[in-house]
Amino acid sequence: MTSTWITTRAWLLMLPLLIVMVAIIGWPLVDTVRLSFTDAKLVGTEGSFVGLDNYVKILSGSNFQRTLITTFWFAVLSVSAEMVIGVLAALLLNQQFYGRSVLRALMIMPWALPTVVNATLWRLIYNPEYGALNAMLMQFGLIDAYRSWLGEPGTALASLIVADCWKNFPLVALIALAALQAVPRDITAASMVDGAGAWSRFRFVIMPYLAGPLMVALVLRTIEAFKVFDIIWVMTRGGPANSTRTLSILVYQEAFSFQRAGSGASLALIVTLLVTVLAVAYAALIRKSAGVS
Amino acid sequence: MLKSVTSALLGATLLGAALSSPAHAETKINALFMAQAAYSEADVRAMTEAFTKANPDVTVNLEFVPYEGLHDKTVLAQGSGGGYDVVLFDVIWPAEYATNKVLVDVTDKITPEMKSGVLPGAWTTVEYDGKRYGMPWILDTKYLFYNKEILEKAGIKNPPKTWAELAEQAKTIKDKGLLATPIAWSWSQAEAAICDYTTLVSAYGGSFLKDGKPVFATGGGLDALNYMVDSYKSGLTNPNSKEFLEEDVRRVFQNGEAAFALNWTYMYNMANDPKDSKVAGKVGVVPAPGVEGKSTVSAVNGSMGLGITSTSKHPDEAWKYITFMTSQATQNQYAKLSLPIWSSSYDDPAVSKNQEELIAAAKVSLAAMYPRPTTPKYQELSTGLQQAIQEALLGQAAPEDALKTAVENSGL
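Protein sequences appear in the order of chains L and S.
When you line the first sequence up against my numbering, it's residues -6 to 286, in that order.
When you line the second sequence up against my numbering, it's residues 11 to 422, in that order.
In short, the hints are calculated from the structure, not lab data.
All of these numbers come straight from a predicted model, not from anything done at the bench.
It cannot be assumed that every hint is accurate.
As the list claims (entries may be wrong) - With a straight-line cut-off of 30 Å between C-alpha atoms, the simulated DSSO-like cross-links for lysine-lysine are:
1. L:Lys34 - S:Lys387
2. L:Lys34 - S:Lys83
3. L:Lys50 - S:Lys414
4. L:Lys220 - S:Lys83
5. S:Lys141 - L:Lys50
6. S:Lys414 - L:Lys34
7. L:Lys34 - S:Lys111
8. S:Lys220 - L:Lys50
9. S:Lys119 - S:Lys323
10. S:Lys292 - S:Lys171
11. L:Lys50 - S:Lys292
12. L:Lys220 - S:Lys387
13. S:Lys163 - S:Lys141
14. L:Lys34 - S:Lys141
15. L:Lys34 - S:Lys323
Based on the sequences and whatever the hints tell you, model everything.
This is the structure in structure tokens:
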């Protein structure tokens, strides 16, 4: 068999999938690009060509810049906290102890919850009148009066990040735990015999096995965090005073609440572009770290 | 009760018989409602069941969403080719829905009996540009609720007649140590905040638009926001109000943690239900106060209507369903959480039974209802205004500056 035949056959076999992908991903994407250069409304007018107007308006507006910063902080803080907590939880659950399998199963729970349920749950926890968090902090004597966690710009974003962390750290933990299974026991045993402490064992023996899988978790979580919508929409709808409004919420408002499909599309494409840049950068990092280990 | 059920059913059957064309195969219509304030989900289901009993050839699929999702869900369904035949819509949306042809013009379907029987003010809920886009269904405004026991303990004989008096009474209650923050509002970054703001705008004699241009940054519009900020900063208002929706206000009031609260009709009977409320039997309700020299009472038009979508394939059955849901018989039977649109219902002892105070307040308030601005760009205007209110409350901007920004961003 010639190599051209192999190539041809491979493409032929992939053809059905390619057709489906073009139909459900390619076409909407092309149509979104077209929409982004028009002043189309969601219902009613088809809109006319307006060139780069939508992009210029969005990029020069203060709304976009402020929202981008909010999104950036949300993504950086929630993802880094999830990585740290996730790895620590995985290390713990990798130890031999009674009840380990029950704990492992329990840990999945937050991640298995639908985001909307999680958001509603945390809204109750943060409730300024009867929330569990206020009650707990009061009993410990850490605060002297109930506080409004989601109603103050200073604490609203941080409170959202905690809620998001609680839901998503299990994913990181799960990936890390799977990677830890691959660490050969004789190497860890040998390093202990050689007198390596806990930190050196983690840094030089375990970390090389974790790096690749963790990078995948990091990519997945960063992209997700950058697109965050549902948890914020349920908990604060972008308030108070827009202090928790992220890019996806801005897209939603523009396209659906204000029904400006044209500028909504251009905003969505800008977000897509930002996420793509992140994904490409990470992919390069993964390749590099794979080469190293 | 049994009698009213029977008469409702009888009325429905007669109505159905009069309107229905010759019997045809079973038709399915989809209806979108909200699960928040006004009629409860259980009420809507019971009304619908009565309708399908009277019209066995029609089945109605019900869907309930929170108020915050109602507009977007309707518009999105429309954008993707339909799905709903009947939708509940807020008084602020007909301009946009009519402009974008979301709803069918039903002006010709409205009978002389409807025209003469329904309260004149209720029609504004469904009107735009002289045409009617549905039937009013929920006739609602914000009332001032007060806790009789707390007022009595504070030595206050009558509930406030003016907003200034409300602040004084709240201060008395605070100073006597009865409650730290006596007033509860729904000032979350949502439409609820605009309803409270509009109530105050109407009290201060302000207006939103003049010749299509926004004018709320001065005069009554500014006075209204100043009142909110003063009340918040002086500690008379529960500071958590800025993350409250109506249901949060109800919970706070029901727990006896508010002496005053601004809320819709539905809170009256819920807060008076001893199963759920600590203040049952102590709930007072009056029209929202006025401002000396400017108004005697204040009220926002918070009514909602039922309309037929332009994508509906069964407009006749949809209209039949709407006429049933908005009929006087149906509305009188379920008059505990939302009051009827029919003027003669307000003198019907069966309707006012056990809620005489509410009916007395409604007679005054419903006649004073002030509209939120009628413009196809309402959503943008409202979003900007919500932000302005919150920024002013949080002290991030002075009220006049916050409102000026809202005017600039309104796109009008």
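### Query
Which numbered hints are broken by the structure, listed smallest first?
5, 11 and 13
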